[in-house]
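Colleague: Residues per chain are reported as follows:
There are 4 protein chains.
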Amino acid sequence: MDKKVGVGLIGAGFIGSIHADSFKKIHDADILAVMSPPPGEAQKFAEKHQIPNHFTDLDQMLALEEIDMVIIGAPNHLHCEICLKAAEAGKHIVVEKPLCINLNEADRMIEACKKAGVKLMYAEELCFTPKYVRLKELLDEGALGKPVLLKQSEKHDGPHAPHFWDVERSGGGVTMDMGCHAFQFFRWLNGNNPVKSVYAQMSTTVHTGKTRGDDNGIIILEFENGVTALAEESWTKPGGMDDRAEIHGTEGVAYADVLQGNSIQTYSNKGVGYAVEKAGNTVGWSYTMFEENWNYGFPQEMEHFVDCVKNNKEPLVTGEDGRAVMEIVFAAYESAGTGRKVKLPFRSSAAKPYDLWKR
Amino acid sequence: MDKKVGVGLIGAGFIGSIHADSFKKIHDADILAVMSPPPGEAQKFAEKHQIPNHFTDLDQMLALEEIDMVIIGAPNHLHCEICLKAAEAGKHIVVEKPLCINLNEADRMIEACKKAGVKLMYAEELCFTPKYVRLKELLDEGALGKPVLLKQSEKHDGPHAPHFWDVERSGGGVTMDMGCHAFQFFRWLNGNNPVKSVYAQMSTTVHTGKTRGDDNGIIILEFENGVTALAEESWTKPGGMDDRAEIHGTEGVAYADVLQGNSIQTYSNKGVGYAVEKAGNTVGWSYTMFEENWNYGFPQEMEHFVDCVKNNKEPLVTGEDGRAVMEIVFAAYESAGTGRKVKLPFRSSAAKPYDLWKR
Amino acid sequence: MDKKVGVGLIGAGFIGSIHADSFKKIHDADILAVMSPPPGEAQKFAEKHQIPNHFTDLDQMLALEEIDMVIIGAPNHLHCEICLKAAEAGKHIVVEKPLCINLNEADRMIEACKKAGVKLMYAEELCFTPKYVRLKELLDEGALGKPVLLKQSEKHDGPHAPHFWDVERSGGGVTMDMGCHAFQFFRWLNGNNPVKSVYAQMSTTVHTGKTRGDDNGIIILEFENGVTALAEESWTKPGGMDDRAEIHGTEGVAYADVLQGNSIQTYSNKGVGYAVEKAGNTVGWSYTMFEENWNYGFPQEMEHFVDCVKNNKEPLVTGEDGRAVMEIVFAAYESAGTGRKVKLPFRSSAAKPYDLWKR
Amino acid sequence: MDKKVGVGLIGAGFIGSIHADSFKKIHDADILAVMSPPPGEAQKFAEKHQIPNHFTDLDQMLALEEIDMVIIGAPNHLHCEICLKAAEAGKHIVVEKPLCINLNEADRMIEACKKAGVKLMYAEELCFTPKYVRLKELLDEGALGKPVLLKQSEKHDGPHAPHFWDVERSGGGVTMDMGCHAFQFFRWLNGNNPVKSVYAQMSTTVHTGKTRGDDNGIIILEFENGVTALAEESWTKPGGMDDRAEIHGTEGVAYADVLQGNSIQTYSNKGVGYAVEKAGNTVGWSYTMFEENWNYGFPQEMEHFVDCVKNNKEPLVTGEDGRAVMEIVFAAYESAGTGRKVKLPFRSSAAKPYDLWKR
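In the order they appear, the protein sequences are chains A, B, C and D. The numbering used here numbers the first residue of the first sequence as 12 and each following residue consecutively. The numbering used here numbers the first residue of the second sequence as 12 and each following residue consecutively. The numbering used here numbers the first residue of the third sequence as 12 and each following residue consecutively. The numbering used here numbers the first residue of the fourth sequence as 12 and each following residue consecutively.
Treat each hint with caution, since some may be false.
Which copy is meant is left open, because identical chains are indistinguishable; a pair holds if it fits in one copy or across any two.
[What the hints assert, rightly or not] In silico DMTMM-like links for lysine to aspartate or glutamate, alpha-carbon gap of 20 Å or less:
(1) Lys207 x Asp70
(2) Lys126 x Asp151
(3) Lys36 x Glu302
(4) Lys35 x Asp318
(5) Lys281 x Asp70
(6) Lys289 x Glu262
(7) Lys36 x Asp318
(8) Lys289 x Glu345
(9) Lys281 x Asp168
(10) Lys35 x Glu314
(11) Lys207 x Asp151
(12) Lys221 x Glu262
(13) Lys162 x Glu148
(14) Lys281 x Glu148
(15) Lys281 x Glu257
(16) Lys15 x Asp39
(17) Lys324 x Glu314
(18) Lys281 x Glu262
(19) Lys369 x Glu235
(20) Lys157 x Asp168
(21) Lys14 x Asp39
(22) Lys162 x Glu257
(23) Lys36 x Glu303
(24) Lys162 x Asp268
(25) Lys207 x Glu235
If you're looking for bench data, these hints aren't it; they were derived computationally from the structure.
Isolated chain A (complex conformation) (with noise of 0.2 Å):
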């Protein structure tokens, strides 16, 4: 491709937000489109982002010519349908993580990309967040010898948008919503090894008046090679964004902390203005941190997919993998629910995650 990428937004809502941003850092790329549903909500974005469009409909969207690439930020049980008409229009697509809701779904992207000859790249950033990608080095040199276990987990204290308590639209709770992160970087990490194995402990502690869906999730996965991974997930921390990780071989041992590892330690009788997403109180010690998107990996991502499709290579994370998540978060709900593990592969014709574990 000789000019640049023409990218269109698909959602406005905070994903999206990282979205634009990190576009702004891109030079083979131009957003030329946004669309999001609710009146007025992409208008108000592409003026805020200055895009040159926006739309409320997604098909009006898809027909920009100069649109190669869509990137869908939208509430997950929207992703296949969005998935399949941007297919059909000849786009390439990146989805946000998780890929879709049910394993049917994920198959059907899969083909539709196939069959449209587009690419379907799978958002999970952590392949791209610069200390963990340093993380991966220092296994890959060998360094920490063998891997024994892998540790990674996500922590908050609950979602942005409505949508994430709502099973229904969301799949389930904590454990799909972050745990798919832990999954992909496990895989990621471990030269994409097959998991064996999937064991899960949910529960609802704190959200139980707002949802249904679980907020705390501890996962472990056993791979083939015998690995063995720890995912920690919650919706019930306060004191600002976590997300750690931890690799344990049997040479060495590291341990990475991409927010409050990397951030200004600050006690201020006023408050900061901004320490990190979802900091909680600011006043007295804080957390602050820098670049976060960068720190995130967030631009490097986008700019990797700009770069599959200008140049058209394979994407470092497919709908393949995006799939294969979406199989251990299958397998770790249907473990909650009969508190066994769960071996893999694992085929489940439920419509969504969360129903394998309250029934």
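Given chain A's structure and the hints, the job is docking chains B, C and D onto it.
Modeller: Below, chains B, C and D without anything else, positioned relative to chain A:
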């Protein structure tokens, strides 16, 4: 009791040294004797620690009238037999963790001590570790709200003495040896609320040539009051002993790291004489600990037990606690063997926990 | 001395409470009396700490024969007079830092104690702070090579009692009050090598309405063996007491943080009852300390002084050390007044250090 | 300027590599040439970094018309001469720190660039270091109140190239080489408020066989608005580069650590390929850094300078800033030589700062 409490040490190994050092700070007790069967070991130990009597035979030591209390620091499989003899001899008894190697033994020990009218005290030092005592105070004062998730982890690169590696003598691997710390710690933090279920993931990863036991374990407990607890144990982590805990509550979260979190950050081109237990390489950066025994709470624990004997008080941690921990350990090995969450109460006639894992 | 050492406390304020708490752990001594002039204060203190005698008059307390040793925890300008009386009464003497308010007083105190045959012990607890004791061991064992730079810093947001703010009674501000800790700490680390020169930068920044004294000070010492030492002191730092030290040597470097570096990292929506001395706001993140007295080394220090009295040993820190510290303090204020490095030995007839700064 | 900015690198050493790497991320500029006198060095560098032209002669490179801007990464004593030639050739100029080696040179450089109508930009990357930019925002937003004390420290175990150790070429030791970072950092944080006085303590401790220059320096600045600033610099600290800063304000305090504070905590039995600049031993514990150039702010700094040239904007850091820093450096060496606080403005005809110290 008007006089000082007379103490007899059973065992002259690593933990015996900690006991001897701890008693040097306790004014209401004197160590009067040490017993260890290997020829010369007790004598050498007695000389080093200026203990007036030493024995290779238990009965001879128990015959000393001035001994009021014995401390069992022997391999796990000997705890029960020693305890029964000591009870019969009318001595108060402190048993190092774990209490014994099966539930039948536990019952007999409790029964024997009751019958003999002596105290059976269970040496879980985490209930006396100053930083963890403070952690419990934070929970009890309400600063963290109601607990949602408790975590504790102990990791190092493998134990000192050969009997730990031999499951016939130890009863199990790292989940038995160090999981028992976490289990009693959780029970104590959670006000002895009953455990509802146990799930365990175990593996033998690095020390396959050395032991059949688990060298890594992850254990999840569910309590009846809805609290989840996560224990992580390892005998494969290089870089020095790790002992840390977290409380995640509805109103707060607290992180406590007993060793690295209290240490001096040191860089040395020459290496440090001693940094911390099992420190590994100390050329370059290391975390140099101070007053380890005090920071673990060993002298405080023994002072408490002496006070219980001298002033006829109820110990903070009893044989019944040790038995409850053993029940969790059995359930953990059953779970690792079956891949299922195991409900409590759990009764097993297995001779040792390990037998439930690899059948 | 066959019996327990009988102790008399002089002063019932903040430091007096620390003394009383510290002695609860010391078996070879009993606090027999407390003296404080304000009506009712000593009585209340005695009741709280179960001390058998209380006085508002010093002479009456000194008349108690069973008192072997007194501890002076009074405002600085009273140290000398109290010391002279106590020496005359034949009591061994512990003086809280700083020793007194001028060099003439220091000489008279040392002389009087020598003449009376009583010990003059200088209470610099940093020489007993367990983490700093470990730091000195690292230096002494050679792990850090030869020292190049020593650093120590104490910072909080201002002292408890009014007399600290009044330079007539205190003799000076933060450099006098907390710099004296650093100066003795450096001398101790550096094997009492003589100080060659002193430079000081002082300012009154935040508490201008409350004191004429310095509320921030930076002091640089040069030792004859070439070591440089840097002290930083502040009465304006919010967020809780800070006490940390560093040794930079030819072969290594070590960082020790006594408070934040030993604490529990806590987030609370409700606030923590007590986190650390002068913690400020504890809603949100705070650093929750445990066993502060022990971690500062107060009981260890008093135990040492009791041992010196009971067994007629030479104290680790003496009146001569306190005088040497006072000489450095005078040189520091002279330097702040002149903008020049001041060479030692330095003799001044000024009534108090402060007079040399703002003339 | 419509076209991309054409860039010429002067110098192919350590800092030259950082420049070359930085420009790979800048879309509005291309490095068109590199110049370095040693035979073959520029050629090798050009090949490695795919730079189309390479020279051993400055005049030849300056003759290239497509070069709009040069970056001087040469030894300090050559800065002035190169700058004068480049100005005469009509090139915009970025000078690496320090600006030059005496105040006379500084004046001539500023004058020459003014006359030639080219920009003189001073490369102080700390003003672009993302974490420090955030630190300044915290100050500017008022979260910390008014500044009372600013601190910055850079420490490692000694520089790469021989010219740093030779005071004839460098002008001075660590206070010249790294103190200049701190001085401009303080000026920037403090809104370019004028410096009122400078005190400096310098010593040559470890590298006496290698240099006459100072390998340790402590420098205290007083600003006219009452702010105190403390810089600590060392060429003798083992264990990897250290770059940290603090702001102590009337309403808060903030601690920022650029390297160790952003790194992965790693233990490796085998050692890490690369941990951080000058890491020393990496067997055992180390602090593994990621994306160092970005975390220092080098690409951001160069992007800013390119933007200034392309769009004719005023640089954030100018030749005048570089001169002001040089004045502080001279005052620091004067102070180290006299043992007195030196008042600014300070003018000296010394050929280099070092001459004022050891006369």
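Colleague: If a hint holds in the structure, say so; if it does not, say that too.
Modeller: Hint check:
| no. | hint | result |
| --- | --- | --- |
| 1 | Lys207 x Asp70 | neither (41 Å within a copy, 53 Å between copies) |
| 2 | Lys126 x Asp151 | neither (35 Å within a copy, 55 Å between copies) |
| 3 | Lys36 x Glu302 | both (12 Å within a copy, 17 Å between copies) |
| 4 | Lys35 x Asp318 | both (15 Å within a copy, 16 Å between copies) |
| 5 | Lys281 x Asp70 | neither (49 Å within a copy, 50 Å between copies) |
| 6 | Lys289 x Glu262 | between (36 Å within a copy, 14 Å between copies) |
| 7 | Lys36 x Asp318 | both (13 Å within a copy, 14 Å between copies) |
| 8 | Lys289 x Glu345 | neither (31 Å within a copy, 41 Å between copies) |
| 9 | Lys281 x Asp168 | between (23 Å within a copy, 16 Å between copies) |
| 10 | Lys35 x Glu314 | both (10 Å within a copy, 14 Å between copies) |
| 11 | Lys207 x Asp151 | neither (22 Å within a copy, 41 Å between copies) |
| 12 | Lys221 x Glu262 | between (45 Å within a copy, 17 Å between copies) |
| 13 | Lys162 x Glu148 | within (16 Å within a copy, 29 Å between copies) |
| 14 | Lys281 x Glu148 | between (41 Å within a copy, 14 Å between copies) |
| 15 | Lys281 x Glu257 | between (35 Å within a copy, 18 Å between copies) |
| 16 | Lys15 x Asp39 | both (5 Å within a copy, 15 Å between copies) |
| 17 | Lys324 x Glu314 | within (12 Å within a copy, 28 Å between copies) |
| 18 | Lys281 x Glu262 | between (46 Å within a copy, 7 Å between copies) |
| 19 | Lys369 x Glu235 | between (29 Å within a copy, 19 Å between copies) |
| 20 | Lys157 x Asp168 | between (35 Å within a copy, 15 Å between copies) |
| 21 | Lys14 x Asp39 | both (8 Å within a copy, 17 Å between copies) |
| 22 | Lys162 x Glu257 | both (5 Å within a copy, 16 Å between copies) |
| 23 | Lys36 x Glu303 | both (14 Å within a copy, 19 Å between copies) |
| 24 | Lys162 x Asp268 | both (11 Å within a copy, 18 Å between copies) |
| 25 | Lys207 x Glu235 | within (5 Å within a copy, 31 Å between copies) |
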